[in-house]
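Chains as they are written, first to last, in this note's numbering: chain A, 1 to 258; chain B, 1 to 109.
There could be a bad hint or two in this list.
[Claimed, not checked] Below, in silico cross-link-like pairs of lysine-lysine (BS3-like), each with a Cα-Cα straight-line distance of 30 Å or less:
(1) B:Lys91 to A:Lys42
(2) A:Lys66 to B:Lys63
(3) B:Lys42 to A:Lys126
(4) A:Lys73 to B:Lys91
(5) A:Lys73 to A:Lys126
(6) A:Lys153 to A:Lys140
(7) A:Lys66 to B:Lys91
(8) A:Lys126 to B:Lys91
(9) B:Lys3 to A:Lys126
(10) B:Lys63 to A:Lys42
(11) A:Lys42 to A:Lys185
[What the hints assert, rightly or not] If you want the footprint, here are the derived chain B segments under chain A, 3+ residues with CB under 8 Å:
(12) 71–78
(13) 81–90
Hints in this document: simulated from the structure, not taken from any laboratory.
Here a beta-carbon is modelled for each residue, glycine too, at the ideal position from N, C-alpha and C.
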Amino acid sequence: MKQWQLLFTGCLIFSVPIVFAATDAGKQKLQSSYELMSAENKAMQDDPSLNPAMFWVGDGEALWNKPSAQNNKSCASCHGNVQKSMRGVATAFPKMIKGRLQTLEGQINQCRVGAQGALALPYDSKELLSLTALIANQSKGMPITVRETPENKAAMQKGRQSFYERMGQLNLSCAQCHEERAGLKLGGSFIPQGHPNAYPIYRLEWQTLGSLQRRLRNCMSGVRAQQYEYGSPEMAQLELFLMWRARGLPMESPGVRP
Amino acid sequence: MSKTSRTSISMPSSAKKGSIIEIRAIAQHDMESGFRYTEGGKLIPRDIIRVFTCTYNNVEVFKADFYSGIGANPLIIFTTLATETGTLEFKWTGDDGYEAVNQANLTVT
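If we strip away everything but chain B, and leave its shape as in the complex, we get (with noise of 0.2 Å):
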């Protein structure tokens, strides 16, 4: 697995101050889990994703953290409240020094 990768979020541009917005955030990923073995009967390391953080105006609202029973391309489903105009920030980080960043933004009215 490359360094980084390949994400997509999907969620509101605008909300109702107040409202509950539902956020999509899904990563390119094979999360190899480090249990499985190659033809010649030799290891495959752990190389997964291990956290996912979501911070909105640079205070995070969410927080996973992903282990190896956890499969390719994970896709993340949660909510949050819609308090101000601004951005989040999405950031995965994973083994081998891998990172993934994405960012949307959210007009509150």
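Isolated chain A (complex conformation) (with noise of 0.2 Å):
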């Protein structure tokens, strides 16, 4: 008895430290993957003449103004001068909104059906991507500024959930690699940290834009995880806990990653 008792309190001894040892890992200085592309893809992305993202960001422009079939409104018939109005807008969500953790995307998608009386647009459709990486392009360069609040605490804590909990057939946490493992390498290539700061991506191995929750999907197909849905709350809730676990990074978008 006296033996499990020891056992026990030594157990509690040792945990104490690897609990703050796990906060400091939290705290190691941020780093963009971007610091670790090779010196051709960073150009590419630096570059908007390199940069394909960029046309991207042109076919949102032309959406921007486009006006809905349904009453006649565009975008820009509320929100004027993309350039003005959206500067800084994306490096704050996802946020809560009525009540309702939003995406961009969502956020995209909630204008359309409400102020424009027209439909949805897909998940990782060339238009809502489009506008996506225009909006997104505005904030290019400004820190993300996401913050815990009272409003949007319980949604944080269901993301970092997420984030420590393992998951899939291979049992790993995002956490495992991109916390614990960051920095090291995978097969031939680093381990980034995993912010969500120039999404969306031109991803070359997808050979064309994509979104957060689409590079999400993969890792979890990766770890042979059921995959969250596509515009799901898991997803803003995990969206949520990696912008705040990035706050104070500049974003890049739209970025360029291998």
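The two chains are supplied separately, each in an independent frame; assemble them into the complex guided by the hints.
Right, dumping it as structure tokens:
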């Protein structure tokens, strides 16, 4: 009995420093996965004449000014000049709007359905990606401003739980790679810290632009887990936690990644 | 893919006579290889850009043939000699009647 007690207290003593170590790891210097890319890929992201994602930004501009067939209202009818009205907007998403956690994509569709009387755009469709890229591009270089607030606390907690929870047949959590092993190698590539500061990204592997949720679904299928659905509350909560985790990191949207 | 799409050219607007200028030409295109299948098992037909040409005051100075192995949104970087002031015209043509044209002016001093 005494031995059991001793072992138990021993575990408690040891577990305390481990908890501190984990929070320290969470505070390690933020690094965008941009830093891990080749010089060529960096140049591709930085030079608008080389960045293929700029085509989507151009398409987004056209969509921004296009009146809807239903009530003849465009994004510009309410929001005016995108460069002024959308500056810095993407740094604060996902956020609580009328008691509901809303992602940037979700808010675009909310506007389309509510204000334009149009149908919601399918997730990861060319149109939705174009508008997201256009809006996110207005925050390029600005730091992520997502904070923990009384309103988003519950959602943040669920997102944090998703991040630290083991999932799938490989029984891995996001944190095991992107926090504990960030900077080490998986196969030939560095494991990034996994910050969502460049989305939507032009991923060379995809040969196209894709959303953060597409990338998250990638990882989930990689660990053989059931993927969260596009646009689901679980996705929004995880996005919220990831943005909070990357707070202060400058936005790079639209980024280029290998 | 639509019959035309966005393109972008970056090159100097002026150059010294006889100097070499670098031209970057990128076109928005899915470059569907023709080797992929849908989830239902149906072959997706090939839809790619076939030819890219650059003419300098109506003289062809560069030409490239594209094939299925070339990725989406192809970027071509090439050089030419700045011989005289004028217009460079860039033309991409491809499957399904695809055609895109872009122009840039060059002042030679």
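We went through each hint and held it up to the structure:
For a cut-off of 30 Å, the pair hint linking B:Lys91 to A:Lys42 stands: about 28 Å separates their Cα positions. Between A:Lys66 and B:Lys63, the direct Cα distance comes to roughly 36 Å. Violation of the 30 Å bound is thereby established for this hinted pair. Proximity of B:Lys42 to A:Lys126 is assessed by CA-CA distance (about 22 Å); at most 30 Å being required, the pair is judged to hold. Using a Cα cut-off of 30 Å, the hinted pair A:Lys73 and B:Lys91 is violated, with the two alpha carbons roughly 36 Å apart.
Annotation: proposed proximity of A:Lys73 to A:Lys126 holds, straight-line Cα distance about 20 Å (limit 30 Å). Between A:Lys153 and A:Lys140 the CA atoms are separated by roughly 27 Å; this keeps the pair inside 30 Å, and the hint holds. Pair hint A:Lys66 plus B:Lys91 holds up; C-alpha atoms about 28 Å apart against a cutoff of 30 Å. At roughly 25 Å between alpha-carbon atoms, A:Lys126 and B:Lys91 fall within 30 Å of each other, so this suggested pair holds.
Only pairs whose Cα atoms come within 30 Å are accepted, and B:Lys3 paired with A:Lys126 is accepted, the gap being roughly 16 Å. Distance check on the hinted pair: B:Lys63 and A:Lys42 sit about 28 Å apart at the alpha-carbon level, within 30 Å; holds. With a C-alpha separation of about 20 Å, the suggested pair A:Lys42 and A:Lys185 falls inside the 30 Å cut-off, and the hint holds. For a cut-off of 8 Å, the count of residues in the segment 71–78 of chain B with a CB near a CB of chain A stands at 4, and the three-residue condition holds.
Look at the segment 81–90 of chain B against chain A: 0 of its residues bring a Cβ nearer than 8 Å to a Cβ of that chain, fewer than three, so the hint is violated.
In this structure, the hints that do not hold are numbers 2, 4 and 13, in rising order.
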